[in-house]
Every structure is written in structure tokens, then in C-alpha cells.
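Chains as they are written, first to last, in my numbering: chain Z, 78 to 449; chain F, 78 to 449.
Take these hints with a grain of salt, some might be off.
The following label-pair restraints were derived from C-beta to C-beta distances [stated by the list, open to error]:
hint	chain 1	residue 1	chain 2	residue 2	range
1	Z	Thr441	F	Ala147	32 to 38 Å
2	Z	Glu123	F	Val343	28 to 34 Å
3	Z	Gly256	F	Asn351	38 to 44 Å
4	F	Arg421	Z	His191	40 to 46 Å
5	F	Leu145	Z	Leu174	43 to 49 Å
6	F	Arg148	Z	Arg377	18 to 24 Å
7	F	Val343	Z	Gly373	28 to 34 Å
8	Z	Lys253	F	Arg430	57 to 63 Å
9	Z	Thr233	F	Asn351	46 to 52 Å
10	F	Val343	Z	Gly429	56 to 62 Å
11	Z	Thr441	F	Val343	42 to 48 Å
12	F	Asn351	Z	Ile230	44 to 50 Å
Just so you know, these hints were derived from the structure itself, not from any lab. Backbone N, C-alpha and C fix where the C-beta goes; we use that ideal spot for every residue, glycine too.
2 protein chains.
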Amino acid sequence: MFTLTHTDGAARRGHLTTAHGIIQTPAFMPVGTQGAVKALTAQHLEDVGAEIILGNTYHLYLRPGDELIARRGGLHRFIGWSRPILTDSGGYQVFSLSDRRKVEEQGVHFRSHHDGSPHLLTPEKAVEIQANLGSDIAMVLDECPALPSTVQIIDTSLQLTARWAQRCRNRFLELKTGGQMQFGIVQGGTFPELRQKSSELTVSIGFEGYAIGGLSVGEPNDTMYQVVEQTVPYLPADQPRYLMGVGTPIDLVEAVARGIDMFDCVMPTRNARNGQLFTSEGPLNIKNAQFAEDDGPVDRACGCYTCRHFSRAYLRHLLMAGEMTGGTLNTLHNLSFYLDTMRRIREAIAFGRFEDFRQGFLQTFARRALIS
Amino acid sequence: MFTLTHTDGAARRGHLTTAHGIIQTPAFMPVGTQGAVKALTAQHLEDVGAEIILGNTYHLYLRPGDELIARRGGLHRFIGWSRPILTDSGGYQVFSLSDRRKVEEQGVHFRSHHDGSPHLLTPEKAVEIQANLGSDIAMVLDECPALPSTVQIIDTSLQLTARWAQRCRNRFLELKTGGQMQFGIVQGGTFPELRQKSSELTVSIGFEGYAIGGLSVGEPNDTMYQVVEQTVPYLPADQPRYLMGVGTPIDLVEAVARGIDMFDCVMPTRNARNGQLFTSEGPLNIKNAQFAEDDGPVDRACGCYTCRHFSRAYLRHLLMAGEMTGGTLNTLHNLSFYLDTMRRIREAIAFGRFEDFRQGFLQTFARRALIS
Numbered sequence: 078m079f080t081l082t083h084t085d086g087a088a089r090r091g092h093l094t095t096a097h098g099i100i101q102t103p104a105f106m107p108v109g110t111q112g113a114v115k116a117l118t119a120q121h122l123e124d125v126g127a128e129i130i131l132g133n134t135y136h137l138y139l140r141p142g143d144e145l146i147a148r149r150g151g152l153h154r155f156i157g158w159s160r161p162i163l164t165d166s167g168g169y170q171v172f173s174l175s176d177r178r179k180v181e182e183q184g185v186h187f188r189s190h191h192d193g194s195p196h197l198l199t200p201e202k203a204v205e206i207q208a209n210l211g212s213d214i215a216m217v218l219d220e221c222p223a224l225p226s227t228v229q230i231i232d233t234s235l236q237l238t239a240r241w242a243q244r245c246r247n248r249f250l251e252l253k254t255g256g257q258m259q260f261g262i263v264q265g266g267t268f269p270e271l272r273q274k275s276s277e278l279t280v281s282i283g284f285e286g287y288a289i290g291g292l293s294v295g296e297p298n299d300t301m302y303q304v305v306e307q308t309v310p311y312l313p314a315d316q317p318r319y320l321m322g323v324g325t326p327i328d329l330v331e332a333v334a335r336g337i338d339m340f341d342c343v344m345p346t347r348n349a350r351n352g353q354l355f356t357s358e359g360p361l362n363i364k365n366a367q368f369a370e371d372d373g374p375v376d377r378a379c380g381c382y383t384c385r386h387f388s389r390a391y392l393r394h395l396l397m398a399g400e401m402t403g404g405t406l407n408t409l410h411n412l413s414f415y416l417d418t419m420r421r422i423r424e425a426i427a428f429g430r431f432e433d434f435r436q437g438f439l440q441t442f443a444r445r446a447l448i449s
Numbered sequence: 078m079f080t081l082t083h084t085d086g087a088a089r090r091g092h093l094t095t096a097h098g099i100i101q102t103p104a105f106m107p108v109g110t111q112g113a114v115k116a117l118t119a120q121h122l123e124d125v126g127a128e129i130i131l132g133n134t135y136h137l138y139l140r141p142g143d144e145l146i147a148r149r150g151g152l153h154r155f156i157g158w159s160r161p162i163l164t165d166s167g168g169y170q171v172f173s174l175s176d177r178r179k180v181e182e183q184g185v186h187f188r189s190h191h192d193g194s195p196h197l198l199t200p201e202k203a204v205e206i207q208a209n210l211g212s213d214i215a216m217v218l219d220e221c222p223a224l225p226s227t228v229q230i231i232d233t234s235l236q237l238t239a240r241w242a243q244r245c246r247n248r249f250l251e252l253k254t255g256g257q258m259q260f261g262i263v264q265g266g267t268f269p270e271l272r273q274k275s276s277e278l279t280v281s282i283g284f285e286g287y288a289i290g291g292l293s294v295g296e297p298n299d300t301m302y303q304v305v306e307q308t309v310p311y312l313p314a315d316q317p318r319y320l321m322g323v324g325t326p327i328d329l330v331e332a333v334a335r336g337i338d339m340f341d342c343v344m345p346t347r348n349a350r351n352g353q354l355f356t357s358e359g360p361l362n363i364k365n366a367q368f369a370e371d372d373g374p375v376d377r378a379c380g381c382y383t384c385r386h387f388s389r390a391y392l393r394h395l396l397m398a399g400e401m402t403g404g405t406l407n408t409l410h411n412l413s414f415y416l417d418t419m420r421r422i423r424e425a426i427a428f429g430r431f432e433d434f435r436q437g438f439l440q441t442f443a444r445r446a447l448i449s
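Same shape as in the complex, but just chain Z (with noise of 0.2 Å):
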């Protein structure tokens, strides 16, 4: 059950009550891929307050198995995770495989990265593998077409995951999994007209929220926002919105200006493990000579463990040496970094100072790329 407990402009706050516990809204997914946010155990992403964690669908079905995970009692108890878990449906890695995957109406034939084993991932097999996983939120299969491309290719991509949507939603009522919501996904790429089609569409079948898919693929960052904008009047109010594999911090804060309420993304932990660390001021590479004497913390205004025990200079050691101690610290920081932009975004619109809150981030977290 999604409530909403705050309304600034078109940012909201509220909770979005799961299986597994409350989610504060809006909230950041750190990406566990398979099974374990990358250098992180559980215990890190308790520390740094982490209140819901995405698993990959598409690896975690390739390994361990869903049935393996289910006969060990579902995904929370097998990776020692109480918390929340939203679950993608496979389809974005699977479209990824560019050439080793074929769409029908059917579902998307395709190969495994590790083995080279073919497999048919239908709109029933990704709730199915979901409804294994146990996830708290499971998310429909869609087809996640490349951009730029035409106003026909996209309709008809559209009105594909439209088909598959209605699919998806069968099977899970069919599955009736005690407890687990299940999110419908808009696509449309950068046409207006097709984002509301889209919606309509996808809101008429009826989910318990709605993600807009197929953004942070190359467009530019306004057309994203663009996009979020138009889509979002086409969204139920009473339900939560999802910005899939989005983005940056300036990104975060620019979604939520328009009326999204989650986000995932590899970022903050990808570029950790790079050396890239976002910081009050901007992102630093902390690979950076510079750095080689610099007892300072990552970010003064940061409270995470990286920084209140490791300088930069330690830091810049760890990563130059290949310690994987390094990537853990740097992950610590990152997603420390962008859970708490996430409880200021949630305090500001508490406090109806979003759009304060939102210039002062722009300016003070675009400081460094202006020094550097």
C-alpha cells in the first residue's frame, strides 16, 4: 500500500508498505545484482540505512536458479536480507544481449551469457521466476527497444509490452503470491504521444505502480526530464512511480522535481569500485594524483565510516594498489552519499522547501566541475 504524506509541486513524499517493511518515498534501490550489492554484506547496507535493495531477475535465473533460491526459501532468506526487494523481469539484460536474443509475440528467445544455452523468456516465465525469487516488488516483462529510433518502431514495440503487460498481470493473479506487488512499466522512447498511449494502455490493466522504462539509454539529460514530465500526468497520483536505471544525483533530484518516487542504478556503485566518488561539491576520481597526499575525508559534510575514518590519500592507495578493501570503502561512500540525498529530498518536501533544497544541490553539487 502506497501513501502519500507530503506533496511539494509535483515532488511527493510518502511509504510504500511492503511484505518486508516500509519504504520511504522517494527512494533510492542500491543494484544487487546477483544476489549481493557488489563489495557490500547486508550488514553495509543496514549501516548505511539502505530500506530497499533490486535483485537482477535475468543472472539470478541463470545462477543459482529461481528454483534453487525458491527450495531455499526465497531470495530474502537466501542472501540474509529481511528488508524489501524489488525484482526486475529479466527483459532489459535479455535486450541487451543484442546479438543473442530474437523477439516473437511469444516472448524473447535468447542465449546465456555464461554458457551460450538457449532459453525463451515469456511475460509468464518472468512472473513465474519472480514469484520463485519472493521479491516484494516484481516488475512486468517489457521490450526495451534501442534509441534513437522511429515513431512505428516504437508504437509497435509499445503495444507489444502493452500485450505482455496483460500477460503478466494473468499469470500473477493466477500465481496469487501472497504479498507481492507487481509494477507496470511504460515505454514510448522520447514521443510524447507514445508515452501517453503508452500509459493508458498499461494503467488500464492495473498494477500496484508503474515504472517509466526505457530512459538513461544515451538521450540527453533535458529530453529525459522532458519525457518524466509528460509522463507522469498519465500516472495515477495514488500510486508510486518508479524511474528505472536512473541516474545521477542531479538526476534524482530532477526526477523527483516532476513526480517520480523510486530510482535504481549502478551508479554510486559501479564508479565506486572506478574510483568516482560523489561528494556535497561534485564528483571527484579519487585516482586522481592530487589526491596522493590528501589526509582529508572524501566529503567533509559526509558522515558515512569511509569518511570518518579513511582519507583520501588512503583511499587513492587502496584503488592504485587493487585492494578490494578499496571498492568496499568507496561503495560505502557512494551509496551513503545518495541515500542521504535522498532523506534531504524527503525532508525538504516535508518541509514544502523542495524547490530551495533543489537549487541549492544544483549549484553546491555542480561546484567541482566547474573548479576541475
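Got chain Z; can you put chain F on it based on the hints?
Only chain F this time, still in chain Z's reference frame:
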């Protein structure tokens, strides 16, 4: 200062007071080669109860450099670890560069494994680097001849080691590094008379503790135990005895039984990352297919974070999937097992029941090896 509180046969329990706190002995030192125990944060080390860690002079000298670390306030401050640190002399790593080093009276010439740059490690330089690192316990530079070798070669080598030890001590006394202790190293291969000779030469110089070096390099276990047994009587009873680079859990118990107080080894950390986990019933390899659906903990007798929260099935999945989190959880367990074994050893000595403990440990630890 070293204080013995209990003896039980040749086994001893006590504590070593350093500038950064007290180490209970017999002690095991996790290896933090490049300023981090691989896959762990300092918090993990505190959680598993590590009282002292080892840093590798060779690696830290080359990267990020001992002078850079000195400018950061020393190794403790640089790596965010406030408890004791022992540093080796760098000799062992340099002697492992078999085709890139040349030994002379003055010291050892070698080329960096990073960039091939030429370096000269003299006894004085080894002392100076460790003074820059600011470790609590510094080791002398010794020559580590490959085994097996002839009496003549080992004899010549231990005499060089003794001359180097004197030069190390001279430089150490000149530098008057506040609070740092310096340990001598006994060599002599597997020849009892040479171990005696090296012990007498080293002890006559006078150090705060003595290490037995040059073992666990491929000789049979029984030979190692025998050398320890034959060497210990020539070391001062009122000073700590450190068996370098050893070893398996059984090695620890057997060496304590012969009067050893301190150990270091990469085995628990390196093997963890490869999936070899130590349990009260012996080692197991978590990659084995038999664990794919095993919902039990690694070791029912273990109370570590990993065993409290995660199943063998999950740990196997993480390792098969190449997730860093698996390395972290496995390392936490193996170090917990090692440090818990040391606690049990100390307790048994205090109770005057070390021989009972030893027999029981050998029987239960070897059980799995017999089964599988």
C-alpha cells in the same frame, strides 16, 4: 614489554605491551600486505577480534612509499588502524623475486615487480623504512635461503643474517624510534646445530623478541615442528617467540605446544578468497557442488557474522558468481576461526589443559579430511 602469565608444558600464555596496546599471546596476526587485510575493512578486523596485524614493508615501500606514509602520520593513522602493527623487513618478498635480486654484503639489490626500477635494500634501510611506517614491532633484514640447501650454504647465509642483524640493531638504536620494538630472526634451515648457532648469534645482539624464519617453505610438517622444538631452547624464555609465515590451524597448535607465542600467515585470508574455509571439523571447499543446496552455516560451532547470517549455499553462489562480497564473508569466517582458535589455545593454557585441547583439536579438525 612481554609478560608471561601461564605456562603449560612448553606452551605459554602471556601478553605483549606495545605503544598501541596489548596483544594477548599466543597471538595470530592477519596479514595486511598493502595497508589492508584483503577484502576487509578495519571495522571487520575489530569485529573478528584482531589485536595486531602485519604490514609488508616491501609492498608499502614501493607503493605508496614509506615517506608518503610518514608524512601521513605513520601507517596506523594512514590505514585507520589504532591497534598494534608488526612490519616485516621486506627481505622475504625481495628474496622471492628470484630472478630480479642480487645479494651482497652491503644488502640486496632488486628490481621492483611494478616497474622494474632498481632498488637497494640494506639492513639500515629496512630499519629506516619501518621507522617511517611507525610499526610497533619491526623485524631485522635477514637472508632467506631456499630449502633444501647444503650445510655450507645455510651456514654462510646465517652468518650474513647475523651481521645484518647487528647492523639493523645499530641503526635501530641510533634512530631511537619511540615505542618501536625490534625482533631478531633466527635462520639455519633444518640443521639443528645451525639453528643453535644462529640463535646464539642473534640473541647475543639483544632484541625485544625473536623470530624463527625460513620455515614453512615446502619442508614436511614434522620437520618444521622438529626445527621449532630444537630452536626454542636457545631463545630467551622471557621474550616473545614468533614463528614467521606459519601456518595451518594444526601448525598453530603444534607450534604453541613447542613454545611459540606469535604467528602470521596469509592462509586464512588467501584461502578464503579461493573458497577454502576452515571449520571445527576441518577445511572444506565451498565451491564444491555438494554445498549448492546446503542451508547450514559454514561451521555450526562458529559465531562469526558469516556463520550467523549466511548459508553455505549462498557463499558458494557468491564465489561461483565472482562476487567480491563472497571474498569478504569468507575472509571474515576464516579469520574468526583462526582468532577463535588462538582464544581457545590461550584459555586451555590458563586452565593447564593445553594437552587435552591439542589432542581434541587434532582429532576434530582432521575429521573432515578423513571423511572426504
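Verification of the supplied hints:
1. Thr441(Z) / Ala147(F): 32 to 38 Å: holds, 35 Å
2. Glu123(Z) / Val343(F): 28 to 34 Å: With a Cβ separation near 30 Å, Glu123(Z) and Val343(F) satisfy 28 to 34 Å, so the hint holds.
3. Gly256(Z) / Asn351(F): 38 to 44 Å: Holds, at about 39 Å.
4. Arg421(F) / His191(Z): 40 to 46 Å: This hint holds: roughly 42 Å between Cβ atoms.
5. Leu145(F) / Leu174(Z): 43 to 49 Å: holds, 45 Å
6. Arg148(F) / Arg377(Z): 18 to 24 Å: holds, 21 Å
7. Val343(F) / Gly373(Z): 28 to 34 Å: holds, 32 Å
8. Lys253(Z) / Arg430(F): 57 to 63 Å: holds, 60 Å
9. Thr233(Z) / Asn351(F): 46 to 52 Å: At roughly 50 Å between Cβ atoms, Asn351(F) and Thr233(Z) fall inside 46 to 52 Å, so the hint holds.
10. Val343(F) / Gly429(Z): 56 to 62 Å: Once the Cβ atoms are compared, 57 Å apart, the range 56 to 62 Å for Gly429(Z) and Val343(F) holds.
11. Thr441(Z) / Val343(F): 42 to 48 Å: holds, 44 Å
12. Asn351(F) / Ile230(Z): 44 to 50 Å: holds, 48 Å
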